[in-house]
Amino acid sequence: MHALFQFDWLYLIGTAAFTVSGYLIGARKQFDLLGVIILALLTAIGGGMIRDVLVGRTPRIFLDAEPLYTIFGTLALVWLIKLHQRNKGLLLKLFIVADSIGLVAFSIAGAQVGIDARLNLFGVAFLGFVTAVGGGLVRDMMVNDVPFILHEDFYGTVAILVAIILFLLYGWGYAGPLVDWPLFAFGLALRLIAHWREIRLPRVER
Amino acid sequence: MHALFQFDWLYLIGTAAFTVSGYLIGARKQFDLLGVIILALLTAIGGGMIRDVLVGRTPRIFLDAEPLYTIFGTLALVWLIKLHQRNKGLLLKLFIVADSIGLVAFSIAGAQVGIDARLNLFGVAFLGFVTAVGGGLVRDMMVNDVPFILHEDFYGTVAILVAIILFLLYGWGYAGPLVDWPLFAFGLALRLIAHWREIRLPRVER
Amino acid sequence: MHALFQFDWLYLIGTAAFTVSGYLIGARKQFDLLGVIILALLTAIGGGMIRDVLVGRTPRIFLDAEPLYTIFGTLALVWLIKLHQRNKGLLLKLFIVADSIGLVAFSIAGAQVGIDARLNLFGVAFLGFVTAVGGGLVRDMMVNDVPFILHEDFYGTVAILVAIILFLLYGWGYAGPLVDWPLFAFGLALRLIAHWREIRLPRVER
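Protein chains in written order, with the numbering used here: chain A, 1 to 206; chain B, 1001 to 1206; chain C, 2001 to 2206.
Honestly, the hints are just simulated from the structure, not real lab data. C-beta: ideal position from N, C-alpha, C; glycine also. Careful: at least some of the hints might be erroneous.
[As the list claims (entries may be wrong)] To be clear about the criterion: a stretch of chain A counts as covered by chain B if any three or more of its residues have a C-beta under 8 Å from a C-beta of chain B, and this derived list gives those stretches:
(1) 32-41
(2) 63-75
(3) 137-149
Construct the entire structure; sequences and hints are all you get.
Dropping the structure here:
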């Protein structure tokens, strides 16, 4: 086992942020209560489920239900906050930071599963990417929006970069928390700078 | 093995109903013959395939082709009936009942797979749900409709409730046909009453 | 192991064609660079990944990255060719032939995986089909087009026919290159004739 437990609260922050993003889109599309809960759930756990299916594991959430407390707690909280929706600007900033924490923490977790399964660089990058953005992908495909990662800014790229760097560092023998934490900080900084500076990848010419 | 064989004809009724729902949507969207067959097939077997992939089994339909006779028989029958489409009201009522039978029977079957795999409550509820509604979900996503379970009435909720109750009863040591049949009757009644009374879940306020 | 290595260059041609089709659709929809690369990648490897997940294997691309050279090489080439886009008619014809080669070669490869896993006829046909068209399916679902196989002409049918014939021939004891090559030639001819003669399956009457 990796010393992953140290990351636990980062996952929980990410899980909460992904829950909120599913909730907001479900509410905007005026789904019923079950629809909103399903969308929030799938956004939060979809990436991890796809990752586990790809490497042939039973989805972790089916064995360890702990993230569900975060998800349902978040849903209850969002419901309450909605009743007094002041200070939207601050909430949005909080959401961006929480979502970015989730992006990087999920990418590192996914990449580590790939490294443990002795996948090649592509497999590790794919697992990091799909763990981080898979939930949002499922959410967008279900509501028939074009997946945000296909036309949004510097988001999925961060997950891929982080996973590739982790693969290389572990391959060179640098494994453990001393690698994970600086990498996490790097990925988070990259994402937040990209967001606030609106860095975008070039568009493909037709 | 569970004493599931007693449910066999319920699955077949459900399979037939799901086939019809895929057929009708494919025909409405004017797909070609292969497209309609694929859509009907995926609607009927999609839920079971997703369930099997989630628990790491080879899809049962790849080993035991029996449901296919039902599917292709249903397709042939629908084709024929179409030629003399009288009595649409009765057919629609028949369809609703058959579809509800499928919903509950598939949910119980999915939940039992989860219980056998020793999943937690969430895993069992998820498998019951996905077995029951997964085919319709795939169908709707393929034709780019927003999945019916996200905005329709009291449908997926029944599958989840049934799976949760099964989990609890089995956990408390009440297993077997004496549990399955009353639960099936309860689920079916719940669904049909919800349908005819148009019970809906509350919408989420924005 | 089957004597599949002889087919290797056919897969590579197919992989290149599928890459191009993903690229073209991503560019038309004006995704950013990462979006186009993801779409091209998923189109090229999506079918094989779905196949591997269905039979419970780690996706081959996670262990053997060779097709990636073809994919990224193709992307680079397409990029360059775009700069001097003369002779579009010839390019289109080349693309149709390469795409058809991929369709048939992927179908045979998928069917052989199913035969090796001792699946029934349906399982083998499904794997052949999904290996051949799964990438295109994922591509179309991601960009919210109705999957081409649901309304396009004689395309998926070829993959299914080829897989069924392979299943029957292997079942009757005719296995190996002497079966694979004529079957490949037959499937390719069928697809190209269907394309140029615009053979279509009948539409389903409403």
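In rising order, the numbers of the hints this structure does not comply with: none
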